[in-house]
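**Student:** Same order as they appear, the protein sequences are chains A and Z. Positions 1 to 128 (our numbering) are the ones given, in order, by the first sequence. Positions 1 to 128 (our numbering) are the ones given, in order, by the second sequence.
For the record, the hints were derived by calculation from the structure and aren't laboratory data. Treat the hints with caution; some may be incorrect.
To be verified - Facing chain Z, a subset of chain A residues (Cβ under 8 Å, in silico):
1. Cys63
2. Gln64
3. Met98
4. Lys109
Here a beta-carbon is modelled for each residue, glycine too, at the ideal position from N, C-alpha and C.
There are 2 protein chains.
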Amino acid sequence: MSHYIRMKIKESLDAYPDPAESIQAFLQDLSRQFTCPENFEGFPVGLLAAETALRSEKLQQACQCAYQEWENLFAGKLRSAGFSDEKAAEISTVLNAMIEGGIILSLAKKDKMPIIHISKQIPSLLRT
Amino acid sequence: MSHYIRMKIKESLDAYPDPAESIQAFLQDLSRQFTCPENFEGFPVGLLAAETALRSEKLQQACQCAYQEWENLFAGKLRSAGFSDEKAAEISTVLNAMIEGGIILSLAKKDKMPIIHISKQIPSLLRT
Chain A
1 MSHYIRMKIK
11 ESLDAYPDPA
21 ESIQAFLQDL
31 SRQFTCPENF
41 EGFPVGLLAA
51 ETALRSEKLQ
61 QACQCAYQEW
71 ENLFAGKLRS
81 AGFSDEKAAE
91 ISTVLNAMIE
101 GGIILSLAKK
111 DKMPIIHISK
121 QIPSLLRT
Chain Z
1 MSHYIRMKIK
11 ESLDAYPDPA
21 ESIQAFLQDL
31 SRQFTCPENF
41 EGFPVGLLAA
51 ETALRSEKLQ
61 QACQCAYQEW
71 ENLFAGKLRS
81 AGFSDEKAAE
91 ISTVLNAMIE
101 GGIILSLAKK
111 DKMPIIHISK
121 QIPSLLRT
């Protein structure tokens, strides 16, 4: 599951030289999953983190590892666009949080608009 | 539970005239919960949304209602600072997503830093 999301992130990051544009492409792709949320393939990683973070050490580590992989992809893209290591790591964590939170809100609202709104804010986030 | 978070958001928004500063105060307060995550009181609303969005219509509506209340508080603060209705609604959704996602990442990493990194990005988000 986490590999599917990782592959999707990598595909988008590789497809566009501009980091903002590439992350927006990923979010655009993600938002399309919400036309049929019961088939959505990436969500269970976040769900698993939420369910198990306070209970199972092993599963909590698996989630942390998946998040770290995604963050590493974002951070690599940002560093290649001239961001410092520290800034790239910080922004990547924030991107991951926005994506996870956007998925939860889109599920709760049964609407892809939270992910679309997040996508619109990516250029401001990357201008910092 | 959702009323506790709502009260915390309202307290911070009322305490500072500047929207960015007030949201950062809320996040600072939230991050302190992660010194002892098993006592964290707000998280179960997000968890509930994740667990039930695809299953229980009634619980999904309760989560949506809680999120909407929090978003309304943020949106009111932003409008009072001169944001248009549309912009205030969009940014409030993004804030909610960042907060939810930040909580999940902080739980997965057992570390308050994701919430701290999010807090640092609030001024850029509100400059848009």
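**Student:** Against this structure, judge whether each hint is valid.
**Tutor:** Hint by hint, here is what the structure shows:
Hint status for A/Cys63: holds, given a least beta-carbon distance of 5 Å to chain Z, under 8 Å. Here the hint on A/Gln64 is kept, as its CB sits about 5 Å from the closest CB of chain Z, short of 8 Å. Taking 8 Å as the C-beta contact cut-off toward chain Z, the hint placing A/Met98 at the interface holds, the least distance being around 5 Å. Given the 8 Å rule on beta carbons, the hint for A/Lys109 holds: about 6 Å separates it from the nearest Cβ of chain Z.
Of the numbered hints stated above, none is contradicted by the structure.
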